[in-house]
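Visitor: Which chain is which? The protein sequence lines are A and B, in order.
FYI, in the working numbering the residues of the first sequence are 142 to 345.
FYI, in the working numbering the residues of the second sequence are 7 to 385.
Note that these hints are calculated values from the structure, not bench results.
Please note that the accuracy of each hint is not assured.
To be verified - The calculated DSSO-like cross-link candidates involving lysine-lysine, where the alpha carbons are at most 30 Å apart (straight line), are:
no. : chain 1 : residue 1 : chain 2 : residue 2
1   : B       : LYS308    : B       : LYS291
2   : B       : LYS308    : B       : LYS152
3   : B       : LYS246    : A       : LYS185
4   : A       : LYS185    : B       : LYS291
5   : B       : LYS152    : B       : LYS52
6   : B       : LYS255    : B       : LYS291
As the list claims (entries may be wrong) - Computed Cβ-Cβ distance ranges for the label pairs, DEER-style:
no. : chain 1 : residue 1 : chain 2 : residue 2 : range
7   : A       : PRO293    : B       : LYS246    : 29 to 37 Å
8   : A       : ARG242    : B       : GLU331    : 16 to 24 Å
9   : B       : GLU267    : A       : ARG253    : 51 to 59 Å
10  : A       : ARG322    : B       : GLY304    : 53 to 61 Å
Yeah, the Cβ is synthetic: ideal placement off N, Cα and C, and Gly gets one too.
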Amino acid sequence: MSAHDPIELAAARPDFAAIAEWIPEGASVLDLGCGDGGLLRYLKETRSVRGYGVEISGANIVACIRNGVNVIQGDLESGLSGFESNAFDYVLLSQTLQATRHTEALVREMLRVGREGVVSFPNFGHWKARMNVIRGHMPVSRELPYQWYDTPNVHLCTLRDFEKFCADLHVRILDRRVMTRQREVRLLPNLLGSMAVYRFRRGQ
Amino acid sequence: MDTSDSIGTVSAQRAQFDTPLVFRSGAVLPRYELVYETYGTLNSDKSNAILVCHALSGNHHVAGYYADDPKSAGWWDNMIGPGKPIDTNRFFVIGLNNLGGCHGSTGPSSINPATGKPYGSTFTVVTVEDWVESQARLADIFGIEKFAAVVGGSLGGMQAMQWSLSYPDRVGHVLVIAAAPHLTAENIAFNDVARNAILTDPDYFGGNFYERGVVPKRGLRLARMLGHITYLSDDAMANKFGRSLRSGKLGYSYDIEFEIESYLRYQGDKFAGYFDANTYLLMTKALDYFDPAREFDGNLDKAFAAARADFLVVSFTTDWRFSPERSREIVSALLHNRRNVSYAEIASTHGHDSFLMQDEHYHDVVRAYLDRIAGEFSV
Chain A
142 MSAHDPIELA
152 AARPDFAAIA
162 EWIPEGASVL
172 DLGCGDGGLL
182 RYLKETRSVR
192 GYGVEISGAN
202 IVACIRNGVN
212 VIQGDLESGL
222 SGFESNAFDY
232 VLLSQTLQAT
242 RHTEALVREM
252 LRVGREGVVS
262 FPNFGHWKAR
272 MNVIRGHMPV
282 SRELPYQWYD
292 TPNVHLCTLR
302 DFEKFCADLH
312 VRILDRRVMT
322 RQREVRLLPN
332 LLGSMAVYRF
342 RRGQ
Chain B
7 MDTSDSIGTV
17 SAQRAQFDTP
27 LVFRSGAVLP
37 RYELVYETYG
47 TLNSDKSNAI
57 LVCHALSGNH
67 HVAGYYADDP
77 KSAGWWDNMI
87 GPGKPIDTNR
97 FFVIGLNNLG
107 GCHGSTGPSS
117 INPATGKPYG
127 STFTVVTVED
137 WVESQARLAD
147 IFGIEKFAAV
157 VGGSLGGMQA
167 MQWSLSYPDR
177 VGHVLVIAAA
187 PHLTAENIAF
197 NDVARNAILT
207 DPDYFGGNFY
217 ERGVVPKRGL
227 RLARMLGHIT
237 YLSDDAMANK
247 FGRSLRSGKL
257 GYSYDIEFEI
267 ESYLRYQGDK
277 FAGYFDANTY
287 LLMTKALDYF
297 DPAREFDGNL
307 DKAFAAARAD
317 FLVVSFTTDW
327 RFSPERSREI
337 VSALLHNRRN
347 VSYAEIASTH
357 GHDSFLMQDE
367 HYHDVVRAYL
377 DRIAGEFSV
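With the hints as constraints, model all of the structure from the sequences given.
Guide: Printed below as a string of structure tokens:
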């Protein structure tokens, strides 16, 4: 099996499968911070999406081209001015939200260029993270693998934080999946879930 | 020279065209010749052909070297050859000298058969669209219905773009490198200063200097010196020359003192020794005129509506003559038309000249994209 086999990919990145479940066949997709293009390729192979990735790293640009996906080299922090309003069905931000500086502006931009937004992020409210803090340390885990001094994550949040953020921005949450490893978490998600995926759109 | 991964010795060929070519200017050339080189092997269904378009001072000698001169490496030899990003083991590559050139294709210095004298000032101003037309006729000679890719940097990138608009069904992929959707006023201004250097040279004689046995070398030299400054970056010049003095001390004279002066004059002299002044004028005009959005009230999105190809657009961070912003305009127009497009902005210190340089990441990008194209046909 190749490293990009859809089944293997879904196992390595449980948010991929969760996101794919929400994306209808043939949708147009913009993937912000698309990394090596793995998610876009997965969505192309499983959902026949048409789409583009935006990525800042040169090495990832090469990887995306090798993965056969369209990629535009650029910095999310400087906005999405190259993209027209309502150009996409879905704008994705997979495991990137917590590393953005202008998070609020970016979420607004997502909903300008896309009909719906999808974000996944590590839950800072997970009990393991809380335990770390109670013990006097910044959390380090599978989802948050960095030390406090080398982390790219500048805007970590809990599920409750994100939901309040959406309410303040008049963003309507349509769907939520909370997971730990590959298992869905329904009980006390803000405590027991290590990762969350949200689907949302502009509020009325 | 290390020739281990070079395509090796190559030789130029010549094609004669007897069907008149009507230019955008209205001029008609009843017959003309194009000189070209090819590398690699055209496959049986003729689906592996790549056309390489040259920039202002380029020509058909893109890769390899001539048997009688091992130092005569083609201008993009680092990009094209066996195992190189544009791999001649898989692709059949054509490079040609554009019409109006001075390296063998019909141009101002060629003899006009109607008069027995060089065309000189009577050679029409050629546009990028005219070149694409002549290139399509060259493709016809090989029976190539559709190029796997058309590739070009700078003015060559403009030709590659024009291919997607003039012949949308005859090109699968377009690689637009260090180019722009049209020149800015500043860019036209640089070209006009270069042209003025030539036009006001007393040896120019209104373009008909050939019969007088002179060459407007002073003008050409100045034009090239100016151009060269704009192809480099401030950083590249500072790193390479800084404020170094040739003799180590100030001479209080107007002789060559700084290393940068020495370098520019050397480059200017070398260029004036082989390049044709009329060709230089014509090439800069083609640059100034290129503007596919012009017919669409300046709307580039509408101009690209005709395109059917997939695109790779590449720019370089220190290129101020064809800056990354200009490439992003191309990318935006392609996005708005839902074309398949990838865009790479390469960190480089070499300014506009970066597109000709050996750079591992830049070459990785092109190689990755070409590998993808190669996956679409059988060798």
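Visitor: Run every hint past the structure and note whether it holds.
Guide: How the hints compare with the structure:
no.	hint	verdict
1	LYS308/B <-> LYS291/B	holds, 24 Å
2	LYS308/B <-> LYS152/B	holds, 24 Å
3	LYS246/B <-> LYS185/A	violated, 47 Å
4	LYS185/A <-> LYS291/B	violated, 44 Å
5	LYS152/B <-> LYS52/B	holds, 8 Å
6	LYS255/B <-> LYS291/B	violated, 42 Å
7	PRO293/A <-> LYS246/B: 29 to 37 Å	holds, 36 Å
8	ARG242/A <-> GLU331/B: 16 to 24 Å	holds, 22 Å
9	GLU267/B <-> ARG253/A: 51 to 59 Å	holds, 52 Å
10	ARG322/A <-> GLY304/B: 53 to 61 Å	holds, 54 Å
Taken one by one, the earlier hints fail for this structure at numbers 3, 4 and 6, listed in ascending order.
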